[in-house]
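Visitor: Respectively, the protein sequence lines represent chains R and G. Each residue of the first sequence is one higher than the one before, counting from 1 in our numbering. Each residue of the second sequence is one higher than the one before, counting from 1 in our numbering.
I should point out that these hints are in silico values taken from the structure, not numbers from a laboratory. Incorrect hints may appear among the rest.
Here's a subset of chain R near chain G, in silico, CB distances under 8 angstroms, partners left out [to be verified]:
hint: 1; residue: M1
hint: 2; residue: R276
hint: 3; residue: G342
This one's a predicted model, so the numbers in the text were calculated from it and none came from an experiment. Note that CB positions come from ideal geometry on N, CA and C, so glycine has one too.
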Amino acid sequence: MKTTDLIASAISNTFRSKTRMLLTILAIFVGAFTLTLTSGLGTGINAYIDDTVSGIGASNAMTVTKTSADAGAGFGGDSGPAEYDPDAVSAGGVGPGGGGTVTAMTPDDLDELASIEGVTDVHATKSISTDFIQHDGGTKYVVGVGSLVPGQTTQLSAGVDPDDDTDAYELVLPTSYVEPLGFSDAEDAVGATVSIAITDANREQHVIEATIVGVAEEALASPNGTSIIPNDALTDTLFETQNIGVPADQVDRYAQATVWFDEDASDDDIAALKDRLADAGFTGTTVADQIGAFTTVIDGIVLVLNAFAIIALLAASFGIVNTLFMSVQERTREIGLMKAMGMGSGRVFSLFSLEATFLGFLGSALGVVIAMIVGTGLSAVLADSLLADLPGLTLIAFDPVSIATIILVVMVIAFLAGTLPAARAAKADPVESLRYE
Amino acid sequence: MNAATLSAPSSPPAPVPIISARDVRKGYGKGQNRFEALKGVSFDLREGESVAIVGKSGSGKSTLMHVLALLDAPDAGTLALEGTETRSLRGAKLNRTRNKTFGFVFQQFFLTGSQSVLENVILPMKIAGVGRAERRRRGLAALEQLDLADKAKNKAVNLSGGQKQRVVIARALVNNPRVIFADEPTGNLDSHTGAVVEDILFTLNREHGITLVVVTHDEELAARCDRRILIRDGEIIEDSGVAA
């Protein structure tokens, strides 16, 4: 029998007992549906994190802090209270992983960083704390100042990123400040002028006028959060203003710096670079390190959910075994006849396993399609209600590779379930099958 | 047609019999329950003959047919198909030989009711791997031959008994077999339709030279065959063809 005929026969045989087929497919459907939704959940959340990765930093950048005497490199590294360090400053953190108390870096430290092998560029993160932001004499709001190092992007709902090459003072406003500052919407805010107040070391308050060039959406791991993002010109001015009255030898103190390395660096290269930084007394954290924790937790949850779906599929596979056993039983004569007519056992086996695989395909395709419709609908509803505060998040997203994988996995499970009845069919003795009394 | 497996050196004076059985034995079960269905059966089947294997139920006639049709292997003795020892036929080669050489007509029809008449008829060609268009053409031709062309698209389950048996004959014919094995071909039919089916089988035997092996306990049907082999308790009691 030709393979194409074999497949066609298997497909048409599947539809012979429609009720039974439908029930079996329903069982598979439940498994495939669940698996699609849970993996869609993982895809959606991880895609959201990936989207915001560029908000945290470029993939070839590393946030470097000076390693404090007993402050560990990360979570769980701290043991007991830290000793007072007069050089310690609070790190105005960029993204998760920042914050906490670190030893300030000096220009000497920056030079040392630049000299480390593998470091292509060093950029100090200037820590600025402003007093308030105000528009057109309205209410004053507290605001933080973030920074956007090259390679970072932010998700803008209106306008453009701040231009670092201009002398004009530009900034990007977080979307949550649009209405409080008296703008009707994001578009309205773009182009407007706001006043930023900052106090220097002499307790004297300065007000600097800047233009809003863009409005940033709030994102889970965005660098701005509820901070404005000034361009270089504005950053420098704010930093200088803040440091008026600070003793000259205390001016250039940075909580952290960003170092760049080769874009093509492998994981091993990065690890080696971190070791060299550690030897020099610095702690380097890449974006991947910062995102890693998030992704691991989400992957873990999705894995557990997927396990439940797999259990459902296993139950369904027993349904397949049952269905096919009944089918083999019913078609004993037909199998015997086909074998008498010269159909080999291998082909009989293939015929029944193909039927099982096709059942798996039907069930999974149906499950996947309906799960995609339901998932898309659910995300749309949630995005407008429960998750309205997280713009850009599609809770349940689907990527073609994992969808294809689910269908294939279900088909493989169905095939395996079908081998048992198929083997029985293949073993059938034509004489025995054709006997009638 | 399958020249490789079937061609055998044929000596002109006495043509090689299409099937030759020598002291064929076949038993079932073990020990105390051992049952000898065939106890040393020997005979030659000449090409173009019509042979009736007659006997009561349990006489071993069905077992003999199964052995002759290569559905079952004998425990002892030899069986030659056109001079070729069938023991050498195994696996795919055996399946191919059966597919190309034999046609089967069973009392119980063994049609797939949910499939169309044409689908049922072309099954042997499907198994043989014949192309779709060729299958259809030959299937329709076989149905035409049995006056069933107008039923080609009907579901097999909706046919009358006589029509079903004609479909079965069409299916047995479709691969141009050299031997048709008919196991109680008229057992499930009333005498009129039974006679029609018999006529069809004997016409095929006469006009197309297809060797016909009929297993039956119907003496009237047996009488229409060229040769009658009576079997009882696994042994040939009488063979009208021995002298010929």
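Visitor: Hints first: check each against the structure and report whether it holds.
Guide: Hint by hint, here is what the structure shows:
1. Contact between M1(R) and chain G, as hinted, is supported at the beta carbon level, the nearest pair being about 5 angstroms apart and thus within 8 angstroms.
2. Among the interface hints, the one on R276(R) is violated; its C-beta lies about 67 angstroms from the nearest C-beta in chain G, farther than the 8 angstroms criterion.
3. For the restraint placing G342(R) at the interface with chain G, the shortest Cβ-Cβ distance is roughly 3 angstroms, inside the 8 angstroms limit, so the hint holds.
Hint check: a violation occurs at hint 2 only; the rest are consistent with the structure.
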